[in-house]
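2 protein chains.
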Amino acid sequence: MKINELFGKDLYVVNIGSPTFLKDLDSQNVKYENLEWAPPAHGDVELIKVLDKLERHKEEIDKANDEVVAKVKAAQGKLVDCKKAIDAIPGMKPNMILHSGPVQDWEHMADPQKGAVLGAIVFEGWASTVEEAEEYLKTHEIIFSPNHHLNSVGPMAGVVSPSMPVHVLYDEVNDTYAYCPLNEGLGGVLRFGKNTPDVIERLLWMKNDFMPVLAEALKICGGIDVRNIIMQALNMGDECHNRNKAATSLFFREITIPIMKTSFPEEQKEKALAFITNNEHYFLNLSMPYCKLAQLAGTGVKNASIVTIMSRNGYEFGIKISCLPDEWFVAPALMVKGLYFPGYSEEDAAPDLGDSCITETNGIGGFAMAASPAIVKFVGGTVADAFNYSQSMQEITWSNNPNFTLPALDFKPSALGIDIRKVIESGVLPIINSGIAHKKAGIGQIGAGLVTPPFECFRKAIIAFADQFED
Amino acid sequence: MKINELFGKDLYVVNIGSPTFLKDLDSQNVKYENLEWAPPAHGDVELIKVLDKLERHKEEIDKANDEVVAKVKAAQGKLVDCKKAIDAIPGMKPNMILHSGPVQDWEHMADPQKGAVLGAIVFEGWASTVEEAEEYLKTHEIIFSPNHHLNSVGPMAGVVSPSMPVHVLYDEVNDTYAYCPLNEGLGGVLRFGKNTPDVIERLLWMKNDFMPVLAEALKICGGIDVRNIIMQALNMGDECHNRNKAATSLFFREITIPIMKTSFPEEQKEKALAFITNNEHYFLNLSMPYCKLAQLAGTGVKNASIVTIMSRNGYEFGIKISCLPDEWFVAPALMVKGLYFPGYSEEDAAPDLGDSCITETNGIGGFAMAASPAIVKFVGGTVADAFNYSQSMQEITWSNNPNFTLPALDFKPSALGIDIRKVIESGVLPIINSGIAHKKAGIGQIGAGLVTPPFECFRKAIIAFADQFED
Numbered sequence: 001m002k003i004n005e006l007f008g009k010d011l012y013v014v015n016i017g018s019p020t021f022l023k024d025l026d027s028q029n030v031k032y033e034n035l036e037w038a039p040p041a042h043g044d045v046e047l048i049k050v051l052d053k054l055e056r057h058k059e060e061i062d063k064a065n066d067e068v069v070a071k072v073k074a075a076q077g078k079l080v081d082c083k084k085a086i087d088a089i090p091g092m093k094p095n096m097i098l099h100s101g102p103v104q105d106w107e108h109m110a111d112p113q114k115g116a117v118l119g120a121i122v123f124e125g126w127a128s129t130v131e132e133a134e135e136y137l138k139t140h141e142i143i144f145s146p147n148h149h150l151n152s153v154g155p156m157a158g159v160v161s162p163s164m165p166v167h168v169l170y171d172e173v174n175d176t177y178a179y180c181p182l183n184e185g186l187g188g189v190l191r192f193g194k195n196t197p198d199v200i201e202r203l204l205w206m207k208n209d210f211m212p213v214l215a216e217a218l219k220i221c222g223g224i225d226v227r228n229i230i231m232q233a234l235n236m237g238d239e240c241h242n243r244n245k246a247a248t249s250l251f252f253r254e255i256t257i258p259i260m261k262t263s264f265p266e267e268q269k270e271k272a273l274a275f276i277t278n279n280e281h282y283f284l285n286l287s288m289p290y291c292k293l294a295q296l297a298g299t300g301v302k303n304a305s306i307v308t309i310m311s312r313n314g315y316e317f318g319i320k321i322s323c324l325p326d327e328w329f330v331a332p333a334l335m336v337k338g339l340y341f342p343g344y345s346e347e348d349a350a351p352d353l354g355d356s357c358i359t360e361t362n363g364i365g366g367f368a369m370a371a372s373p374a375i376v377k378f379v380g381g382t383v384a385d386a387f388n389y390s391q392s393m394q395e396i397t398w399s400n401n402p403n404f405t406l407p408a409l410d411f412k413p414s415a416l417g418i419d420i421r422k423v424i425e426s427g428v429l430p431i432i433n434s435g436i437a438h439k440k441a442g443i444g445q446i447g448a449g450l451v452t453p454p455f456e457c458f459r460k461a462i463i464a465f466a467d468q469f470e471d
Numbered sequence: 001m002k003i004n005e006l007f008g009k010d011l012y013v014v015n016i017g018s019p020t021f022l023k024d025l026d027s028q029n030v031k032y033e034n035l036e037w038a039p040p041a042h043g044d045v046e047l048i049k050v051l052d053k054l055e056r057h058k059e060e061i062d063k064a065n066d067e068v069v070a071k072v073k074a075a076q077g078k079l080v081d082c083k084k085a086i087d088a089i090p091g092m093k094p095n096m097i098l099h100s101g102p103v104q105d106w107e108h109m110a111d112p113q114k115g116a117v118l119g120a121i122v123f124e125g126w127a128s129t130v131e132e133a134e135e136y137l138k139t140h141e142i143i144f145s146p147n148h149h150l151n152s153v154g155p156m157a158g159v160v161s162p163s164m165p166v167h168v169l170y171d172e173v174n175d176t177y178a179y180c181p182l183n184e185g186l187g188g189v190l191r192f193g194k195n196t197p198d199v200i201e202r203l204l205w206m207k208n209d210f211m212p213v214l215a216e217a218l219k220i221c222g223g224i225d226v227r228n229i230i231m232q233a234l235n236m237g238d239e240c241h242n243r244n245k246a247a248t249s250l251f252f253r254e255i256t257i258p259i260m261k262t263s264f265p266e267e268q269k270e271k272a273l274a275f276i277t278n279n280e281h282y283f284l285n286l287s288m289p290y291c292k293l294a295q296l297a298g299t300g301v302k303n304a305s306i307v308t309i310m311s312r313n314g315y316e317f318g319i320k321i322s323c324l325p326d327e328w329f330v331a332p333a334l335m336v337k338g339l340y341f342p343g344y345s346e347e348d349a350a351p352d353l354g355d356s357c358i359t360e361t362n363g364i365g366g367f368a369m370a371a372s373p374a375i376v377k378f379v380g381g382t383v384a385d386a387f388n389y390s391q392s393m394q395e396i397t398w399s400n401n402p403n404f405t406l407p408a409l410d411f412k413p414s415a416l417g418i419d420i421r422k423v424i425e426s427g428v429l430p431i432i433n434s435g436i437a438h439k440k441a442g443i444g445q446i447g448a449g450l451v452t453p454p455f456e457c458f459r460k461a462i463i464a465f466a467d468q469f470e471d
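So the protein lines, in turn, are chains P and Y.
Its first residue numbered 1, the first sequence is counted upward by one per residue in the working numbering.
Its first residue numbered 1, the second sequence is counted upward by one per residue in the working numbering.
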């Protein structure tokens with residue numbers, strides 16, 4: 001049949017992988033079937049070669065990945081103590097300040113993180129004003145370290161200085177600990193870079209008044225099972241990253257009587273309880289270190305292609321994979337797309353920031369959005385989007401987690417174990433629910449939305465991963 | 001075409017409304033389209049005439065129903081006090097015992113309700129043993145009254161005697177009050193007819209120790225907004241009838257600090273808080289009186305065909321409609337179909353019991369099952385069933401309630417205002433999530449499941465309703 005004859009007839013078209021052709025077909029009222037398709041690895045020849053090579057090692061990689069997800073699923077996590085970072089975290093030094101994301105120096109630090117560091121210096125009493133703190137930095141050696149290097153995690157700026165109280169979580173299966181600073185609440189807080197006297201005063205109260213009450217209460221009750229609360233909260237509308245209302249409520253129920261039993265004055269106990277119940281996000285700083293503990297359990301497994309860390313410092317996004325625990329794979333952090341509070345827009349936003357996407361790394365947060373229809377009112381989109389995100393994350397994970405179920409999807413287990421092979425092959429990136437910080441220190445949260453790691457992190461990771469194997 | 005010729009050919013059948021024909025078609029491998037259809041009012045000629053008559057008064061009925069649902073939606077409900085029934089409930093008498101469901105006498109009373117009455121007599125000190133209590137009943141006049149006659153509601157047996165503490169809820173929009181006894185917890189409790197010394201002791205503790213603490217705490221905080229908690233809890237996996245975990249948590253968060261601020265000894269406050277937090281169903285006895293208040297707001301509207309009460313005493317099911325507030329329409333209560341605890345079956349079950357379906361009457365509970373996928377693990381069925389029930393209830397309600405939303409159904413408002421015309425026309429009956437009591441007093445809950453009112457209640461109601469109109 002000649003081509004002119006062909007186009008003279010009624011056509012029924014099958015379109016494969018080209019959305020632009022569809023528009024033409026639509027405009028000409030031509031019937032078609034559309035098949036969504038994209039070349040593996042965005043058609044990147046180097047990456048296709050890498051995938052081919054890894055295909056030849058499929059068996060050993062698959063086996064290693066099975067081991068990772070089994071360990072991650074089995075990990076426990078109990079809040080057992082609340083202590084100063086210097087007393088709790090092995091490797092913490094008296095002149096060290098921890099921060100979120102991959103390795104960072106003062107010069108390239110995002111403004112909210114800088115603001116938080118300056119606030120921490122005042123909080124420590126190393127300077128009495130923020131201006132003095134800037135001077136102090138020039139004349140004293142401060143060691144900056146990512147939280148993750150010391151098994152700590154912190155939301156947003158994630159700044160932890162030696163005297164700050166941290167939640168201490170213990171995994172009895174693996175005999176490991178993880179740490180997280182306490183959540184200060186919303187509004188003007190250190191994690192968004194605010195460092196005014198009211199912020200410092202609240203941090204001092206947390207250290208001097210709140211920490212000892214919580215620590216004694218935890219001794220009285222023998223600790224609180226954080227994993228168990230996450231399991232329940234996912235069936236109560238939380239995704240335990242940006243929505244923690246149910247989890248905070250359940251935690252509050254468990255800690256109330258132990259706090260009442262402590263030896264502190266009535267008013268101090270009352271204030272401690274009020275501090276928890278007045279902050280719907282209190283539990284975020286427990287869900288994060290639990291996810292850290294679980295991912296720790298899956299760290300260091302030879303040949304495993306599972307992501308164990310995703311984290312961002314407001315400048316770069318970094319990931320780590322199980323078999324290469326000492327290597328960060330970094331690329332410039334993206335901007336969060338979402339809903340802005342009145343008066344703000346993307347122009348005002350800092351790039352993606354914080355260790356909190358350890359939750360998504362562990363299969364909750366954005367991965368469990370289907371558990372939390374109400375989250376779309378905070379991060380944007382529709383309930384159907386939330387369902388779809390949870391479904392599509394199954395495409396890039398090695399397994400799923402029966403401990404963490406999605407009620408509206410008939411209690412389907414949440415996707416678990418991001419496999420860099422699957423990310424590269426499908427081009428689907430992990431979805432992250434995230435708060436949005438103002439790019440200037442101290443203004444605070446200006447919105448919330450969705451973001452992904454840059455593809456480049458995974459490109460770098462898979463090349464390094466493949467280098468470990470013989471041809 | 002002759003009939004023999006017709007059946008000699010290949011047939012493509014359209015089957016309308018007859019499921020038995022389908023089986024034959026299936027067995028003969030005949031292709032068909034099936035149209036589900038049932039005659040209005042089950043084909044009952046009398047009821048069809050009634051519906052015809054009401055159709056001629058459609059305008060005035062519709063208008064009245066609009067008024068009912070507007071009032072119901074606007075009703076507020078705050079827990080303002082906790083008092084002895086005799087001190088709280090106007091019309092309560094020193095020798096009166098309230099019970100769930102429509103009017104009932106001792107002779108026909110279901111066994112769990114009898115057990116609860118005997119327990120109440122011991123609790124009041126009118127007798128010192130259950131045996132003595134039976135004697136007391138023969139020699140003393142006890143007035144039995146449905147809770148609903150005094151704007152009270154009680155789950156299961158629903159027994160309230162003069163000295164029992166009740167939650168007092170206030171609707172400031174309509175200046176009305178509703179009442180409910182306190183939830184004792186699960187297991188062996190009075191509302192399932194248990195009346196052993198441990199049950200009586202708990203009730204005495206509730207009166208002597210718990211009630212004054214709660215009452216003082218409510219004065220300190222100025223009351224707690226129950227409607228607001230229901231609104232939130234429906235977005236946290238509760239349907240606020242058989243699942244109240246989130247609502248109980250939110251209530252606990254609000255009452256903790258006020259209880260700490262009361263003047264009572266530490267230990268008493270601690271025990272009061274433990275009593276609330278150790279009972280996931282505590283909030284049921286707040287959600288019920290809120291629903292009662294809301295339905296009260298819609299009561300007594302001339303020409304309105306909306307159901308304002310559904311209730312059962314373990315023997316009969318009774319409903320009331322807005323325009324005939326003094327008439328019960330009763331029929332024998334049905335059996336609950338559902339999941340039984342190990343060792344029990346339907347043979348052990350009492351018929352449907354309790355005032356708790358005031359929640360469904362007000363558009364939550366079974367009507368809001370889509371908000372609570374986890375409920376299917378308790379009452380049986382699948383998550384899809386839960387979604388379908390919430391959808392199908394929209395067929396028999398006059399409106400829906402934007403205050404009560406169903407997150408998984410894209411925050412669709414829950415069905416509100418059961419219209420007896422629609423029930424009769426469609427044959428669809430209100431769905432109720434219900435606990436199942438053992439038929440013998442004192443054994444307690446043996447399962448949970450789904451039930452409906454008998455169709456007969458609606459048949460009687462619509463005939464009486466239609467009698468109010470001229471031809």
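No wet-lab data here; the hints were simulated from the structure.
Please note that the accuracy of each hint is not assured.
Treat identical chains as interchangeable: a pair holds within one or across any two.
Claimed, not checked - No more than 30 Å apart at the CA atoms, straight line, and that leaves these computed lysine-lysine pairs for DSSO-like:
#1 K412 / K377
#2 K412 / K337
#3 K261 / K83
#4 K84 / K412
#5 K302 / K138
#6 K440 / K73
#7 K377 / K71
#8 K23 / K78
#9 K439 / K138
#10 K261 / K219
#11 K58 / K84
#12 K207 / K23
#13 K460 / K73
#14 K23 / K84
#15 K49 / K412
#16 K23 / K58
#17 K261 / K302
Going through the numbered hints above, which ones does this structure break? Give me the numbers in ascending order.
4, 5, 6, 8, 11, 12, 14, 15, 16 and 17
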